[in-house]
Amino acid sequence: MQNRIIELKDIKKSYGQVYALGGVDLHVDQGEVVGLVGDNGAGKSTLIKILAGAVRPTTGEILVRGEPVSNWNAGRSREAGIETVFQDRALAVQQTIIWNIFMGRELVGPLGFLKVRKQREEAERLMREIGFTSKVFGPSSIVGQLSGGERQGVAIARAMYNQSDLIILDEPTTALSLTETAKVFHFVRQARAAGRSILFIGHNIHHVFDISDRFVVLDRGRVALQASKAELGSAEALVRFMEELAHPGGAGVQSTGGTV
Amino acid sequence: MTDTANRDGQSPAKALDADTVRRVAEGKHADRSRLRRFFRDHRPAVGSFVVLVVMLACFFVGNPEVFSQWNMYRAVLIGLPVVLFVVVPLVYVVTVGEIDLSFPATIGMAGWVFALVVQAGYDPFLGIIAAVLTGLVLGLCVGWLVVYANLSSLIATLGMNFMLRGLIQINTEGKSIALVGLPKTLTFQIFGGQFFGIPVQVLWALLFVAICSFIYNRHRFGVHVHMVGDNPDAAQQMGINVKLVRLKTFAFVGLGAALAGVAAVMINYTWWPTSGDGYLLPALASVFVGGTAPWGGIGTIIGSAIGSFTVSFIQSGVVGAGLSGFYVQFFYGLIIILSLLGHRWNQVRYR
Chain A
0 MQNRIIELKD
10 IKKSYGQVYA
20 LGGVDLHVDQ
30 GEVVGLVGDN
40 GAGKSTLIKI
50 LAGAVRPTTG
60 EILVRGEPVS
70 NWNAGRSREA
80 GIETVFQDRA
90 LAVQQTIIWN
100 IFMGRELVGP
110 LGFLKVRKQR
120 EEAERLMREI
130 GFTSKVFGPS
140 SIVGQLSGGE
150 RQGVAIARAM
160 YNQSDLIILD
170 EPTTALSLTE
180 TAKVFHFVRQ
190 ARAAGRSILF
200 IGHNIHHVFD
210 ISDRFVVLDR
220 GRVALQASKA
230 ELGSAEALVR
240 FMEELAHPGG
250 AGVQSTGGTV
Chain B
0 MTDTANRDGQ
10 SPAKALDADT
20 VRRVAEGKHA
30 DRSRLRRFFR
40 DHRPAVGSFV
50 VLVVMLACFF
60 VGNPEVFSQW
70 NMYRAVLIGL
80 PVVLFVVVPL
90 VYVVTVGEID
100 LSFPATIGMA
110 GWVFALVVQA
120 GYDPFLGIIA
130 AVLTGLVLGL
140 CVGWLVVYAN
150 LSSLIATLGM
160 NFMLRGLIQI
170 NTEGKSIALV
180 GLPKTLTFQI
190 FGGQFFGIPV
200 QVLWALLFVA
210 ICSFIYNRHR
220 FGVHVHMVGD
230 NPDAAQQMGI
240 NVKLVRLKTF
250 AFVGLGAALA
260 GVAAVMINYT
270 WWPTSGDGYL
280 LPALASVFVG
290 GTAPWGGIGT
300 IIGSAIGSFT
310 VSFIQSGVVG
320 AGLSGFYVQF
330 FYGLIIILSL
340 LGHRWNQVRY
350 R
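The listed protein sequences correspond, in order, to chains A and B.
Using numbering that gives the first Met the number 0, the letters of the first sequence correspond one by one to residues 0 to 259.
Using numbering that gives the first Met the number 0, the letters of the second sequence correspond one by one to residues 0 to 350.
One chain only, chain A, in its complex shape (with noise of 0.2 Å):
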């Protein structure tokens, strides 16, 4: 594959005894959408850490476009290009959007002056880029005015500022309701027209299936599952192939309720 962004190959991680990987591959081409799912425990947010360089693995490979990297950690991540959008958002809601973008990078000259209109015209073209543009607000709106959907937006933006080319989301539609996830899609959708990289992880299957182009199940600390869009066909076969993991044989009794 060209343009391969960054290759996890056999990746173990071990709390003492306990394996809460044991042994993933995983990668991410340019301009794609990977949904990463799994239940509680499966080992999604060890793997998100691993990937942010917040975590080390046990042992395993990792390539940042082709090349192995040694000495794995949070800077070598982000020189990757690889941004984390937490699950909280890490959000400033009393300060404007223009801030939260810089929140920590901010754009100044030698005595540590802002450059407020260089600093208005990036965050006008980060929003431009996701489609994060309203008649209701702008770069100076105060982000606690906006919405779930439109806060995620910020976090977005801010996570592809600095050309990042992996933008991992967790869980970024949870407790959002359905006009809000649609932003949050239409947000993505755009980045990766921009050419942008996403990793979704989400608990909700049906917002996964409608957003990724390919699909990584997560077992036990295991991959049970790598598939494409084409490969799946429907939500309902990624439900039911999660439901037979949770429960085996028992999927017949389940999967009324589940596939609804």
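Think of the hints as simulated: they come from the structure by calculation, not from any bench.
Here a beta-carbon is modelled for each residue, glycine too, at the ideal position from N, C-alpha and C.
Please note that the accuracy of each hint is not assured.
Unchecked claim - Distance ranges between label pairs, derived from CB positions:
1) A:L110 - B:Y121: 29 to 35 Å
2) A:A174 - B:L340: 31 to 37 Å
3) B:T273 - A:A174: 51 to 57 Å
4) B:I266 - A:L110: 31 to 37 Å
5) B:L205 - A:R188: 51 to 57 Å
6) A:H185 - B:I210: 42 to 48 Å
Dock chain B against chain A, hints included.
Showing chain B alone in chain A's frame:
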């Protein structure tokens, strides 16, 4: 079953539309009008200005003769710089989500160092530098206790206030220091003299307010202060050194208190062991009367400077309006409560 699901799915869309309409109606959209944008961006400051104007108008109606004399205002202006020098850094501390009650003792300590240096025959300018260094060191000590020893800022700074004041009293045994030669020095002419009937200290204090306001709104440090006060976890995740930012705000209060200490000595050419004690509550009240939010994350330097004038004027105002001194405390309380109610109505707290 499906009906409920549909309704659940649709109602947020309707709510959002209503929400949009409300936001447009309130003028929170991308503003075209410059004036409207000014009022939106400076709501708390404009609010505290309105409080001041209303209060002055009431006093004026009460006794037009007294309140049309410049001397009435000059008396307030002489004491105002002492308050301004501490109120401005206090806005930083409150924005970062902490409180500092140790500044009265720091005012006393720094003023003491200044008085000792001048008494020893050195130039007052050296005295100012020594006082500022004292203030910075004390501020760093207080900040260390709160930030790195993890004490509650309310209690730790209160304790420091008592302890430092105690040290002053132990060492001076209550004796004041009079600096007879101070008014003749060039340094005093520059920092403490008069300029067309206006005390020069006021001009220095206003310059201080302007610079600090600019740093608060346009400098990386000011931005980080807002971020840490708004969401410390987010600030940490995005690479801001949260503890260092907090420590710096406490050091800044030390610096401001030192300038206030020097300003207080320059008013009467005398340092008293109680210097700074009377400023604790008025200065704190000024911060909030000025429109800085008590919960952290947002504030206004200009507004709090206006608030300082409001609070400083109450005492002279009440007496000037012809009421007895017994009314002063009541009016302090009344104006503080009324302006807090006003600000609560004027600004929304976002979560």
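We went through each hint and held it up to the structure:
Separation of A:L110 from B:Y121 is about 32 Å and conforms to the stated range, judged on CB atoms against 29 to 35 Å. For A:A174 and B:L340, the Cβ-Cβ distance of about 34 Å falls inside the hinted range of 31 to 37 Å, so the restraint holds. For B:T273 paired with A:A174, a C-beta distance near 56 Å keeps the hint of 51 to 57 Å intact. A beta carbon spacing of about 34 Å between B:I266 and A:L110 agrees with the range 31 to 37 Å that was offered as a hint.
Between B:L205 and A:R188 the CB atoms are about 53 Å apart, so this pair conforms to the stated range of 51 to 57 Å. The hinted range of 42 to 48 Å is satisfied by A:H185 and B:I210, whose Cβ atoms lie roughly 44 Å apart.
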